[in-house]
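A.B. asks: Given these sequences and hints, build the entire structure.
Taken in sequence, the protein lines are chains A and B.
Going letter by letter, the first sequence gives residues 1 to 432 in my numbering.
Going letter by letter, the second sequence gives residues 1 to 475 in my numbering.
Rather than coming from a laboratory, the hints here were simulated on the basis of the structure.
These figures come from a predicted structure and were not determined experimentally.
Heads up, a few of these hints could be off.
What the hints assert, rightly or not - Think about it this way: if two alpha-carbon atoms lie no more than 25 Å apart in a straight line, the pair counts; the simulated PhoX-like pairs of lysine-lysine are:
#1 B/K33 with B/K100
#2 A/K39 with A/K100
#3 A/K38 with A/K100
#4 A/K148 with B/K33
#5 B/K458 with B/K417
#6 A/K148 with B/K32
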Amino acid sequence: MTKGLSLETIMKWIFMGLALSMVSLTLGARLHQSYIEKKNYALESAQELKFSIEEHGLYVPDDIILGRLGVSWRMARPGEDAKLSLRSGGKDLKLTLDKKQIITSIIEEERYLLLVGLLGLIAAVELAVLISYVLTRPLARLAWGCRKIAGDAAVTLPCGALAPYEIRELTDSFNDMAKQIKRWKDVQMQISRMDRLAALGEMISGLSHEIRNPLASMRIQTDLLRLEVEAMAPCAENSAAKDACEIIGIIEKELDRLNGIVSQLLSFVRPKQVMITSVLLDELLPWCRSMLGPQAEKHGIRLVTRQTSDRVTVMADKEMLQQLIMNLSLNAIQAMESSPRSRERVLTVTIGAEDDGRGFLSVADSGPGIPEEIRHRIFDPFFTTRKEGTGLGLSTVQRIVEGLGGSLSMDTSDEGTVFTVFLALDSDGPRA
Amino acid sequence: MSPLIYYLAAFGAYTVSIILITGQSFGWNETKKSFYLGGRRISMLPSTATFCATWISPLSFVGYSMWLYRDGYIAFLASVNGWLLGLLFFPFIVRRLREKYVLSLPEWLWRTYGDVRVRKLVALTMIFLYILYLVIQFRAFGITVSYMLDIPAGFAATSLIYLFVLYTTFGGYPSVVRSDVLNLFLIIIGVSVAAYFALPGGFEPKEAFDVILMKGSPETARKLTFAEIFSAFAIMLSWGLGVAGNPQYAIRIIACRTKRDAYGMLSVSPFIVGWFYLCVTFFVLVCKAKYPLPGSMEETLAFARLGQFLPDVAGTFLLISVIAAAVSTANSQLLLAACSLCYDLFPSGTNASSGEGPFEEDRFLLLNRAAITAIASIALVLSHANLPDYLMLGRISWTLVAICFFYPLFLPKMVVKNMLFYVLSVALLLQSVLVFIIGISPEYAMLAVLLLEAVLFKFNRYFMPEGAAGLGYNK
Numbered sequence: 001m002t003k004g005l006s007l008e009t010i011m012k013w014i015f016m017g018l019a020l021s022m023v024s025l026t027l028g029a030r031l032h033q034s035y036i037e038k039k040n041y042a043l044e045s046a047q048e049l050k051f052s053i054e055e056h057g058l059y060v061p062d063d064i065i066l067g068r069l070g071v072s073w074r075m076a077r078p079g080e081d082a083k084l085s086l087r088s089g090g091k092d093l094k095l096t097l098d099k100k101q102i103i104t105s106i107i108e109e110e111r112y113l114l115l116v117g118l119l120g121l122i123a124a125v126e127l128a129v130l131i132s133y134v135l136t137r138p139l140a141r142l143a144w145g146c147r148k149i150a151g152d153a154a155v156t157l158p159c160g161a162l163a164p165y166e167i168r169e170l171t172d173s174f175n176d177m178a179k180q181i182k183r184w185k186d187v188q189m190q191i192s193r194m195d196r197l198a199a200l201g202e203m204i205s206g207l208s209h210e211i212r213n214p215l216a217s218m219r220i221q222t223d224l225l226r227l228e229v230e231a232m233a234p235c236a237e238n239s240a241a242k243d244a245c246e247i248i249g250i251i252e253k254e255l256d257r258l259n260g261i262v263s264q265l266l267s268f269v270r271p272k273q274v275m276i277t278s279v280l281l282d283e284l285l286p287w288c289r290s291m292l293g294p295q296a297e298k299h300g301i302r303l304v305t306r307q308t309s310d311r312v313t314v315m316a317d318k319e320m321l322q323q324l325i326m327n328l329s330l331n332a333i334q335a336m337e338s339s340p341r342s343r344e345r346v347l348t349v350t351i352g353a354e355d356d357g358r359g360f361l362s363v364a365d366s367g368p369g370i371p372e373e374i375r376h377r378i379f380d381p382f383f384t385t386r387k388e389g390t391g392l393g394l395s396t397v398q399r400i401v402e403g404l405g406g407s408l409s410m411d412t413s414d415e416g417t418v419f420t421v422f423l424a425l426d427s428d429g430p431r432a
Numbered sequence: 001m002s003p004l005i006y007y008l009a010a011f012g013a014y015t016v017s018i019i020l021i022t023g024q025s026f027g028w029n030e031t032k033k034s035f036y037l038g039g040r041r042i043s044m045l046p047s048t049a050t051f052c053a054t055w056i057s058p059l060s061f062v063g064y065s066m067w068l069y070r071d072g073y074i075a076f077l078a079s080v081n082g083w084l085l086g087l088l089f090f091p092f093i094v095r096r097l098r099e100k101y102v103l104s105l106p107e108w109l110w111r112t113y114g115d116v117r118v119r120k121l122v123a124l125t126m127i128f129l130y131i132l133y134l135v136i137q138f139r140a141f142g143i144t145v146s147y148m149l150d151i152p153a154g155f156a157a158t159s160l161i162y163l164f165v166l167y168t169t170f171g172g173y174p175s176v177v178r179s180d181v182l183n184l185f186l187i188i189i190g191v192s193v194a195a196y197f198a199l200p201g202g203f204e205p206k207e208a209f210d211v212i213l214m215k216g217s218p219e220t221a222r223k224l225t226f227a228e229i230f231s232a233f234a235i236m237l238s239w240g241l242g243v244a245g246n247p248q249y250a251i252r253i254i255a256c257r258t259k260r261d262a263y264g265m266l267s268v269s270p271f272i273v274g275w276f277y278l279c280v281t282f283f284v285l286v287c288k289a290k291y292p293l294p295g296s297m298e299e300t301l302a303f304a305r306l307g308q309f310l311p312d313v314a315g316t317f318l319l320i321s322v323i324a325a326a327v328s329t330a331n332s333q334l335l336l337a338a339c340s341l342c343y344d345l346f347p348s349g350t351n352a353s354s355g356e357g358p359f360e361e362d363r364f365l366l367l368n369r370a371a372i373t374a375i376a377s378i379a380l381v382l383s384h385a386n387l388p389d390y391l392m393l394g395r396i397s398w399t400l401v402a403i404c405f406f407y408p409l410f411l412p413k414m415v416v417k418n419m420l421f422y423v424l425s426v427a428l429l430l431q432s433v434l435v436f437i438i439g440i441s442p443e444y445a446m447l448a449v450l451l452l453e454a455v456l457f458k459f460n461r462y463f464m465p466e467g468a469a470g471l472g473y474n475k
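C.D. replies: Here is the structure:
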């Protein structure tokens, strides 16, 4: 993009030119008027003097005549046009106006005016600069805002308290437009994500079926193989049979793991039927302590369970809530593994109720937080930063929350991350 | 033709030139760095021009001239020698100043010695001393203009410099540099023309040499007393240290595009400044020998009267050069005072995260311009108050500068970081008591205070464990 002159620069030069012209015009007109007045006065006084001298036939010495006429007159040089000819004592005198003297006397008389003119000129130019600034700055801000939006950034333009109506209107409209664009982008992102998930689901569903059947067959055959080996020679007596049993055990373990992954994939693409009932969140806390306590202890993490309200009853599926808490907590425990040793590792599970009729359940960690560059991808299926992760934990959490008709929020910083799930309160259930 | 016409024409031309040359400000892409330092992209020649133009103030022009006219070469020994002595210190601090990437000298002190209180204390002192400096420029300008236009010295005459200075300072450092190029050109032309036309019969090398040697003057035969020599030495030392530590020069070193440009600027400047002093000294010595002035007279007015002994055009150039000297120094000092107020003393909005995009920067620079207007207005009012003469105001300012900056800038290894704030506070307080309450000459007081600073640093270094004292500076 080629950069021409800015509107501000053009306005400044125009205003400066106007100021300069106005001052020159005013001072010029005033000086010209003074010159004309002085010249006319000199001519009139000269005519009066001529009349009195010639009428009475007086003889007046040259220097007296020049003294009476003042500095505006001088003797005409030979060959020069005379503005005044008078006869004094029989002698012709030729006089002319001394323009240089007239101008000098005007400038001496009008020097205050000239000073005021210069003061006015500088003041006008400074004012021009300020006016250009005030008028063009909102446009520059809008241009900056448009560039930001084009660069895919969210932007809200401030509007000064003293901004005129038009600028205020323009800024408000711009901010509304920026909000709409952002909303539209969010919707587009959601639609594109749903499309991706649908395609992914179809593919996973087909693949899982194809893998699961041979896996089941392989598991049965392995069991049969173990029985055969044990029948031929008991493992406790024969070392070769013992080795074979160990190898078969490893194969069984790996097959079970593969089966587990396939089940997880299937449950992700074809979640089980949601059974929404009244669930007392308070009951989840003892479960958390018993299920998560040993895990947390193993990783040197302090588990804290809290409740900000008593007897909070929400409409949900208890089993799914437990899965949700488990997924979030395991994620939190893994996140805290990378936090420095000096920082206390705390996993906090909190339940409570909001004033707006929603119950909540939050899982917080004291880990290093989620880096900004991956925040928008953490709910994508199969997105993981760990070598052994499936990348389904948080996407399953999101799917569960959506299935329960709730909402999920995330707050992350250097101090840690908090996931909060909001669910509708059971209107008939007890709540303190 | 009446000299008034020359004066008016020259003055009008100067006004229009300043308006056209320095007219742009409030740019959308302005930042603090571009406003205070021109983005640290000023090349050697404009840097040299602004360095020299800022150097030549009515104090070093009119004040020195009239002292020379009155007392002869003792003025040269004490003042010009002192100032040029200060110039010798600058090459030693180029690297130290530029490595910190700061926008102001108080910030440099903070980043170097790690105490934000030092930054605030020095910023406050700078605001005070630059207002005093501004009073000098405003007064000299007002009197010169009133003489040139034959009007009473008052607000009308002084308002012009107020508007000039606001106009040039609103554009920040780049605007100041542009106006300084014009001002330096006018100053050098003015003093060169004055020196050339000073001798009544035209310039004659032999006669000029006699004038420089002050042949026939009774003062050449007079021997200086010990008190005079000591006084001249004290003034020379204190003015030298004042120049060496003066932030208006240090900031120009920081604003240079490269270190090479900074060294280039410091190498060329002595020649320009030297030429200026040579011309002024010669012109004043001719006036002293040939044109006696009647009785006691205000110094700027007396200097303007000396100008009338020159041909009209030369006299006009000389008086315009006094105006240029006043404007060039005033806008630079006003920018530094506003920077101290907005950036160092109350640095609100200087945190990058406190606002979105360029809005915060824009708001900050607008506040800066409001501060410029406020400080200039205070100086304008004070220039009509009954303050001491130029030399006294300059002496007060220079000594304060030396007290604040001499040790931190030039002897950093001597400074005890953790004690710097207390030492500077005690030093400034003591200097104020000695000068304003007891009435000691600022130079003598400053020498005592600098000695006290050294003793305090030594004392702390001796009695405090090295780790607690925080010796030296942060590289």
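A.B. asks: Each hint should be assessed against the structure and marked as holding or not.
C.D. replies: Hints and how they fare:
1. B/K33 with B/K100: With Cα atoms ~13 Å apart, B/K33 and B/K100 stay inside 25 Å; holds.
2. A/K39 with A/K100: The hint holds at about 12 Å.
3. A/K38 with A/K100: Holds: A/K38 and A/K100 sit about 12 Å apart, inside 25 Å.
4. A/K148 with B/K33: holds (23 Å)
5. B/K458 with B/K417: holds (12 Å)
6. A/K148 with B/K32: holds (22 Å)
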